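Now for the letters of each chain:
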Amino acid sequence: MFNDTFFLLSAGLTLAGALGVVFTKNLMHACVMLLGTLFGVAGLYACIGADFLAASQLVIYAGGVVILMLFAVMLTGGSSDQANKFGIEKIAGMGNTKTYIFAGVSVAVISLTLLKIMAGYMKTFEQGELPPLTSTVEEIGTLLVTDHVLAFEISSILLLGALVGAAAIARPRKG
Amino acid sequence: MSPSVNEYVNQFEIHQKLVAMVSDFLGFDASGLMAFLVFAVTAFAIVNVMALIGGLGTYAERKISADIQLRQGPNRVGPYGILQFLADGVKMIMKETIYPAQADRALFNLAPVLALLGVFATLAVVPFSSGFTLANLNVGVFYLIGVGSLVGVAVFLGGYAANSKWSMLGGMRGASQIISYEVPVTITTLSIVLLAGGLSFGHFVENQGGFPHEWFIFHNPFTFIGFFVFFVGMLAETNRAPFDLPEAESELVSGYHTEYTGMRFGLFALAEYIEVFVLCGVAVAAFLGGYKVPFDLGNGVIFVEKLGLPAIIGKNIGQVLQLGSFVTKTLALYYVVIWVRWTFPRIRVDQVMTICWKYLTPIALFNLIGVVFWMYAFDNQSLWEILSHLGGGSHGGHH
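Read top to bottom, the protein sequences are chains L and U.
Each step along the first sequence adds one to the number in our numbering, with nothing skipped, and position 114 is 114.
Each step along the second sequence adds one to the number in our numbering, with nothing skipped, and position 73 is 1073.
Don't read these hints as lab results, they were simulated from the structure.
Please note: incorrect hints may appear among the correct ones.
Here are a few chain L residues that sit away from chain U, every Cβ distance over 10 angstroms (derived from the structure) [stated by the list, open to error]:
id, residue
1, Leu44
2, Leu70
3, Phe71
4, Leu144
5, Asp147
6, Leu159
7, Leu160
8, Ala166
Capping the alpha-carbon separation at 27 angstroms, the derived lysine-lysine pairs in DSS-like fashion look like this [claimed, not checked]:
id, chain 1, residue 1, chain 2, residue 2
9, U, Lys1095, L, Lys174
10, U, Lys1095, U, Lys1165
11, L, Lys98, L, Lys25
12, U, Lys1095, L, Lys25
Short, incomplete list of chain L residues facing chain U, as computed with Cβ under 10 angstroms [unchecked claim]:
id, residue
13, Phe2
14, Phe6
15, Leu9
16, Ser10
17, Val22
18, Met28
19, Asp51
20, Ala55
21, Gln57
22, Thr76
23, Leu163
Please read these numbers as outputs of a predicted model, since none were measured by experiment.
Even for Gly, the Cβ is constructed at its ideal location relative to N, Cα and C.
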């Protein structure tokens, strides 16, 4: 019962946050709602016993990414002045007939494909038993430096590249 | 050791009988319900005691600062003015809530709650004693760092939502400072994780002993430096002086909570004082032996064997001793934090960043590598163990 309650809470938080992000017009509010969604996703990870993943989600997204987004939104100006002084909208409206048709077709295609893939599982669906909760930290650590060492190293090179690039862009230029 | 307070309570017969009685009465297996009740009561107690400690923290801050500055401090309300924080609380609740013009009301209301939420969420993994811990998560430290970062978001939002230049600058300073100092603090914690062999606070504490020479701070020279890196980073993460740039009153009025009145300001202040306590507790658990009591008095076996007490009383005496050990060390560290605040002048913004990125982070990385090297070269023995081997074991500990 605890697992179900926890799952429902996390899923509700995720969905509510995601809908809030889409429907709010204020970018700062959207960022804060995204924080709720990310917490909900961390809760979903915790539901399936992925404790390390849940904690990483909290550290990386809630701690780092959301603050970074808040900084970026704040420093690049708010969303209050959408029209310039001549009354013309700076940002083109997203919702016209063309975009709605395109979005509808995409939704239909994607959901049909997903349903096609999931149909096999849904027919033979059984409530599975969760394995007893054990620490996943050792497993993840072992896998990262054995089976997936290439991906691990490549991502570290990518991050180093991003770091050097950011430093190069932010460096004050001479002359 | 027991992973949480529920398992600790469950080992006693009297509790098992109670669960059976409730099950009989209700007609279904009540162990889940009872576990929920145990957690609810413990969480309620911890949150209330922490709020009290936060309140008393403000009193301690004023009294100690008065002591350092040769003043009296609060001395009117109650004996030695100890009820001053209650009077302040009543005053804050009575105050009117003022919203600045064009403030973002939703975020303005959300920010203080978020700050308190982040701090209270960290209390779930603080190891008060081996039995009195809400949850001994496998990823305890990682979880604590994660939810603790909510405070950074709250500080930033508080600064943004008030629509004031001072708040804004304070919030931006706060967020950048908190994010930056997370790096050396996390790397230093990582070196302790390596020594302890696990991410949970249970691992941290159980791998240390009751005596100072068994603590991780004296395990090797690198952890000794690491403790001070951690302590400085901790001061900066909780926005304590000399790193209180986000609320520098000489330039920013009072930073990110300039526009807050009444209890909303109170929530920010409370969150700060409780966070200091929590991080002091983390430092104690990671470096200063946590809840360990000398001579293994903490598990209570000696009371049962020597004094002939029943097991339940012996164990609980042990728990109380552990709780006392943890709280005493934490409050001692708390005193140092306040002492530092009223001794050092505030440093400049650029100096804050320089200290973090040019000094603490390289030192923390060096420490991490040093600890790994030490563990490899000396087979994970502490300095004390090596010395006692050299001295022929004549003055060795009980290893």
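Violated constraints from the hint list, given by number and in increasing order:
2, 3, 9, 12, 14, 15, 16, 17, 22, 23
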